[in-house]
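Following the hints, complete the assembly by docking chain E onto the known chain X.
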Amino acid sequence: MAAVTTTTERSLNKLAIVAVLIVTVIFLAPIYWIASTAFKPRNLATTVPPTVVFTPEISPFVKLFTKRSQLRTAPTPEEYAAAPWWERLVFDGGEKVVRSGRGEVQWSGYPNRFMNSLIVAISSTILAVGMGTFTAYGFSRFKVKGEQDLLFFILSTRMLPPVVVAIPMFLMYRAVGLNDTHWGLIILYTAFNLSFSVWLMKGFMDEIPKEYEEAALVDGYTRIQAFFKVVLPEAATGIAATAVFCFITAWNEYAFALIMTNRRAQTAPPFIPSQVGSGLPDWTVIAAGTFLFLLPVAIFTFLLRNHLLRGMSFGAIRK
Amino acid sequence: MAHIQLKNITKKFGAHTALRNLDLDIADGEFFVLLGETGAGKTTTLRLIAGLEKPDEGQIFIDGADVADWSAAERDVALVLQQYSLYPRYTVRENLEFPLKPKIRRIEPAEIKTRVDRVAKTLRIEHLLDRKTDRLSGGEMQRVSIGRAIVRKPRVFLMDEPLSALDAKLREALRTELKNIQMTLGQTFLFVTHDQIEAMSMGDKVGVLNHGRLVQTGTPQEIYNNPRDTFVASFVGSPPMNLLDGKLVSGRAVMNPINFELPYAAAARNTDGRALTFGIRPEDVFLQAGAPVEARVHDVENHGVEKILTLRVGDATLRATVPAQTSVAIEDAVRFAWNENKVVLFDKSTGVSLRHSA
Numbered sequence: 001m002a003a004v005t006t007t008t009e010r011s012l013n014k015l016a017i018v019a020v021l022i023v024t025v026i027f028l029a030p031i032y033w034i035a036s037t038a039f040k041p042r043n044l045a046t047t048v049p050p051t052v053v054f055t056p057e058i059s060p061f062v063k064l065f066t067k068r069s070q071l072r073t074a075p076t077p078e079e080y081a082a083a084p085w086w087e088r089l090v091f092d093g094g095e096k097v098v099r100s101g102r103g104e105v106q107w108s109g110y111p112n113r114f115m116n117s118l119i120v121a122i123s124s125t126i127l128a129v130g131m132g133t134f135t136a137y138g139f140s141r142f143k144v145k146g147e148q149d150l151l152f153f154i155l156s157t158r159m160l161p162p163v164v165v166a167i168p169m170f171l172m173y174r175a176v177g178l179n180d181t182h183w184g185l186i187i188l189y190t191a192f193n194l195s196f197s198v199w200l201m202k203g204f205m206d207e208i209p210k211e212y213e214e215a216a217l218v219d220g221y222t223r224i225q226a227f228f229k230v231v232l233p234e235a236a237t238g239i240a241a242t243a244v245f246c247f248i249t250a251w252n253e254y255a256f257a258l259i260m261t262n263r264r265a266q267t268a269p270p271f272i273p274s275q276v277g278s279g280l281p282d283w284t285v286i287a288a289g290t291f292l293f294l295l296p297v298a299i300f301t302f303l304l305r306n307h308l309l310r311g312m313s314f315g316a317i318r319k
Numbered sequence: 001m002a003h004i005q006l007k008n009i010t011k012k013f014g015a016h017t018a019l020r021n022l023d024l025d026i027a028d029g030e031f032f033v034l035l036g037e038t039g040a041g042k043t044t045t046l047r048l049i050a051g052l053e054k055p056d057e058g059q060i061f062i063d064g065a066d067v068a069d070w071s072a073a074e075r076d077v078a079l080v081l082q083q084y085s086l087y088p089r090y091t092v093r094e095n096l097e098f099p100l101k102p103k104i105r106r107i108e109p110a111e112i113k114t115r116v117d118r119v120a121k122t123l124r125i126e127h128l129l130d131r132k133t134d135r136l137s138g139g140e141m142q143r144v145s146i147g148r149a150i151v152r153k154p155r156v157f158l159m160d161e162p163l164s165a166l167d168a169k170l171r172e173a174l175r176t177e178l179k180n181i182q183m184t185l186g187q188t189f190l191f192v193t194h195d196q197i198e199a200m201s202m203g204d205k206v207g208v209l210n211h212g213r214l215v216q217t218g219t220p221q222e223i224y225n226n227p228r229d230t231f232v233a234s235f236v237g238s239p240p241m242n243l244l245d246g247k248l249v250s251g252r253a254v255m256n257p258i259n260f261e262l263p264y265a266a267a268a269r270n271t272d273g274r275a276l277t278f279g280i281r282p283e284d285v286f287l288q289a290g291a292p293v294e295a296r297v298h299d300v301e302n303h304g305v306e307k308i309l310t311l312r313v314g315d316a317t318l319r320a321t322v323p324a325q326t327s328v329a330i331e332d333a334v335r336f337a338w339n340e341n342k343v344v345l346f347d348k349s350t351g352v353s354l355r356h357s358a
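Going down the list, the protein sequences come from chains X and E.
The C-terminal residue of the first sequence carries number 319 in the UniProt record's numbering, and the numbering is unbroken.
The C-terminal residue of the second sequence carries number 358 in the UniProt record's numbering, and the numbering is unbroken.
Misleading hints may appear alongside valid ones.
[Claimed, not checked] Calculated Cβ distances over 10 Å to all of chain E for the following chain X residues:
| hint | residue |
| --- | --- |
| 1 | Thr24 |
| 2 | Leu28 |
| 3 | Trp33 |
| 4 | Val53 |
| 5 | Pro56 |
| 6 | Glu147 |
| 7 | Val163 |
| 8 | Met172 |
| 9 | Arg174 |
| 10 | Trp199 |
| 11 | Tyr212 |
| 12 | Leu217 |
| 13 | Val218 |
| 14 | Val230 |
[Unchecked claim] Simulated crosslink set (DSSO-like; lysine-lysine; CA at most 27 Å straight-line):
| hint | chain 1 | residue 1 | chain 2 | residue 2 |
| --- | --- | --- | --- | --- |
| 15 | X | Lys210 | E | Lys54 |
| 16 | E | Lys205 | E | Lys153 |
| 17 | E | Lys12 | X | Lys143 |
| 18 | X | Lys210 | X | Lys143 |
None of these hints come from the bench; they were simulated from the model.
No residue lacks a Cβ here, since even glycine has one placed at the ideal position from N, Cα and C.
Next up, chain X with everything else stripped away, as it sits in the complex (with noise of 0.2 Å):
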């Protein structure tokens, strides 16, 4: 009986494997189409069936950095031998590097854009996490009226699809003169996430219990001293968790960066499909503007995953 169970717990397992690989490979298969097109030649990355076997270039990211034009006539030797190796790549896909009268190279908008992403998500990220949590503290500790209306009332602000108020505030941020600035967007990204930020961190802070703090305050601590020794030591893996998930809906948004900003305070997503290169579209430029895109928010997970696995689990455990 016992090994007929153990049978059919390994052929299940076995199963199980199999299922998980198969989810894995569904999962990773556009992100590695992204990964390989951002290294193919550009003649190999839009070919049916796709290349799969192919020598890796890094001509794609060059081309992402820096400005390009059309290459009326193929550059003369001289010019060739005297280009620095990454400008001969531009040269092998038929464009030259633009520079300007002084000789110096011309950047593509991508670092800048890609500056004002992660500028836009750590600010607003910080302020909703930080905002965030003193409010919950604030609904957790103190007997505050009409606590459930009000944080039905933050909740809320999250029933709406946002793209629903795109046209109001546009209008609104023009008249003040929030569009295309970073305040903008950042002030609109912390609106975003902060009812989110507000109600996860309102359960981290109920798990935490209040006797720490009020040990801290008996022993001569001020309430905003045993806020930071005790209560945001406890809340660390609260924190990280929720602010994992606001910096991805902020380095993620499109729709209203694509509405609200155009240049100076643009982000990278509605930046790197409009990256169509000076002839027809190069997928290849466009997709190794989104795989350095992906790298920041794998990276920031990566950094922050025990605190992630804990605090998943964390709400989960009663005492």
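Frame of chain X, contents of chain E only:
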């Protein structure tokens, strides 16, 4: 060192009244135990003194000063809780240093180290100093909690059931230890518990709380021998005092509704015929051949040094503590009497002892 007074304290939580007109006086250097069931208002009293709650009415004095406007930090009290008073992310040493580090105290690092080391030595936790607190056993944790309290030399120690979460052996050991610490320090301790054995064995004075009212304060002996009402009588003592309804008829206690009579010569004033409750401790009920009442043995509990018998007379039961050598079996017929000098009379309708109401 502090003298604590609570005057006419009332505390409500919404519709629920936690404390009602509470008066409490704890002398300097006293080990005062507040005894009561869960929800009686013990913890609320502690939190009011600590400054974690504000009373709705009444005043609190520490050394004669009204502390209404003092924050928890300013009151200089130490609080030991049943659990959660240690920080899991800190080591034992960091936990012990924590109360010494607030800015308002301004203690030199060298002094902090001396004090922590001294306390660790007193509590025999020196070998644990560098350990994280989540690696400690329950007893060790509670030692560290107590250490956290005494390291600061506060004016008052407030302890909220610090021993309840521990197993029986450890509880007994820490009970003695805590009492010794209090005697050595000579500090005022307010100790809250629902365990009457803790109250009786540790307290210089005991206050019994029932539903937010302080029913009786006194030395453990006073509370035990002379309970103010039937609540105290049945709450304090294990097994509790026997309570029998009846009345006095010319030098005899006549029980009601089950008719049996016991002699009671010391008739008080105006008691003849009045509805009373007779209180008698199990150790003052004894078996004797030729004693006035016959009963059957309903149950026998063997406690080693003694046996606790449950006797049945009609539908009524009462407990008797007898020496371990007494040989009785369940359903044996026995005869019993009581030590009539030890009988406490309560008014049946109010439940208050006649000695206290007189």
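**Study point:** Hints the structure fails to honour
**Key:** 11, 12, 13 and 14
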